[in-house]
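Undergrad: Read top to bottom, the protein sequences are chains A and B.
Terminal number for the first sequence in our numbering: 271, no gaps in between.
Terminal number for the second sequence in our numbering: 624, no gaps in between.
What the hints contain is simulated information worked out from the structure, not anything from laboratory work.
Watch out, some of these pointers could steer you wrong.
[Unchecked claim] Lysine-lysine pairs mimicking DSBU-like chemistry, simulated, CA-CA at most 30 angstroms apart:
#1 Lys208/A / Lys155/A
#2 Lys132/A / Lys421/B
#3 Lys89/A / Lys132/A
#4 Lys155/A / Lys89/A
#5 Lys89/A / Lys566/B
#6 Lys421/B / Lys155/A
#7 Lys140/A / Lys179/A
#8 Lys179/A / Lys89/A
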Amino acid sequence: MTMAENSSSSTDIPLISLRQICKSFGGIHALENVSFDLNRGDVVGLVGDNGAGKSTLIKTLAGAHDPTSGDILLEGAPQTLSPPSQAQKLGIETVYQDLSLINSFNAAENFFLGREVAFGGGPALFRFMRRKAMADTAIKGLEDLNIDIPGVRTKAVERMSGGQRQIIAIARGAFWGHKLLLLDEPTAALGVRESREVLELIRRLSSKGLTIMMVTHNLEHLWQVCNRVVVMRRGRKVADLASSETNLEEVVAYITGAKQPAGTLAQGASA
Amino acid sequence: MSVENSLPKGTAANSEAPPARITEPTPKPQFLSSQQRALLLRVLGTYGTIIVLVLMLIVFSILQPGTFATPNNFRNILNDMAIGTIVAAGLTVPLVAGDFDLSIGYVASFCGMLIVGLLSFNQLPIPVAILIVIAVGMAIGIVNGIIVSKVGVNAFIATLGTGTVVVGLNYAYAGGIPLQLTHSTEFTDLAIGRIWGIPHLIIIMALILGLLWLVLNRTVQGQHIKAIGVSAESARRGGVAVDRSRIVAFAIAGTCAAIGGILVASNLGSGQVTGGDSFMLTSFSAAFLGSAALKEGQFHILGTLIGVLTVAVGNNGLAMIGAPIFTQFLFSGCLLVIAVALGGIGRRYGKGA
């Protein structure tokens, strides 16, 4: 029915395949039989109304939720992604909407939060941080992405603008996530100019070959960076379209339920 | 259908709003403009404690130049505050992680009794007895940490509970009567002795403060403790072992409380049932005062030292000018409230005002 499912049966193995993923919280079915593939280099926009299951899906990929049933295949092999540290170990990084930055830390410290470079071994109490090495690496990592933010090693991120904070959070995710980067509403809290910078960064990351999945409410932003659109509605995947082969009206129709996927009982569907 | 629903408020308007506010004349003549007021509060939140300390030093020096402002008196102040500083610095670590520990005073009392008992009744060698007592303090801290992080009991209530249990242990151990140190001047020498004229207590205090500063500011563990204090959820997502870090923080507080108890016993030459209880209040007071020193409402080791110094200088000065003893309690109590207020001001007005 869609591009993704056609390509999954072809020769090259997708980066991640979700197979019949279900997730329920008590009696609520947040995800019902969601299946799709993410191919290397994809930039997928995940859209849907509130409560459609976008967050649950992202959190499942991030390892924050363990699916109730269904399989996740990473490069063809069945894999458990939870807890989040496991997903991170596998190269999957998530940038949550709250950015998960430590406000009083500078950008370099945030870059290495939980993964500090240190002298010595054993318990964390006896490992001394190599602050200069961390700051140098963070600065180089930002330079590699053409990011110019002053005060990486001196300025607490709480003194930075919302756009700078978002860029730091995404750069951190890209720095550690060599396989998949999950972005939750990366432009929701930003102004026009800052959104443009963040979208620019996402495009650059994509051109470096990183696979990205982003949740967004802003369909214009989606069109600027995504090559695929996955539409969720009431816990189900209702559409999986190539951006070049669809348009805003069609996506909106899927989001609102005006248009329903082929093969289901399409009552009152216009197409 | 409109699909554009980004929210360009706040950040986008940044470049225009402030100048508009500045040029607009205030309708009523005020004592301070809002900006001056914010600056004042920020200064208070960042330097409030230091201002109080310096003011007291000046006032008491003018009132009692002959007795207060002497090197000997300052050495006495440092010596008298040393044990309290060690306990307060230990408490600072869980405070940095965002957890209260109300058990430290009772742990110090119990450990003071325990060391005297181990030396006098069990005839243990001093180093062995000290190691056992420190291990007990650390173990109580670890229990605190496990109850708070793994079981999820609010730290305030949990440590109040464990602290009360420790009081029970104290009474069970010695029946609620003071223990006399039968012999061993070597043990009392621990707190009373001097090296090159510098009291041991001041040296021990300096060593422990330095060690805790290193732990908090240079080790991975310290970085994690600080991160948890700002946002435990963000730290967890970054891969920080949140529970373990909180347990370590409580263990450090318990260890320092035990060291404090040992030194109190050494200083007095006996085990007093409630010998360390007062450390609870003085430590919180010092740590909160310290949070309004230099770091805009954050707890930190140097701040706690400044906080203890402020309380100690105040009490010493009041005694020097012959103020009745009750004024010291009034002073300490008021200072604690002011300290918390200053720390809060620092947190609220510290950034970007």
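Undergrad: Each hint: holds or not?
TA: These are the hints, each one checked on the structure:
no., hint, result
1, Lys208/A / Lys155/A, "holds (28 angstroms)"
2, Lys132/A / Lys421/B, "violated (34 angstroms)"
3, Lys89/A / Lys132/A, "holds (24 angstroms)"
4, Lys155/A / Lys89/A, "holds (29 angstroms)"
5, Lys89/A / Lys566/B, "violated (35 angstroms)"
6, Lys421/B / Lys155/A, "violated (34 angstroms)"
7, Lys140/A / Lys179/A, "holds (20 angstroms)"
8, Lys179/A / Lys89/A, "holds (10 angstroms)"
When each numbered hint is compared with the structure, violations occur for hints 2, 5, 6.
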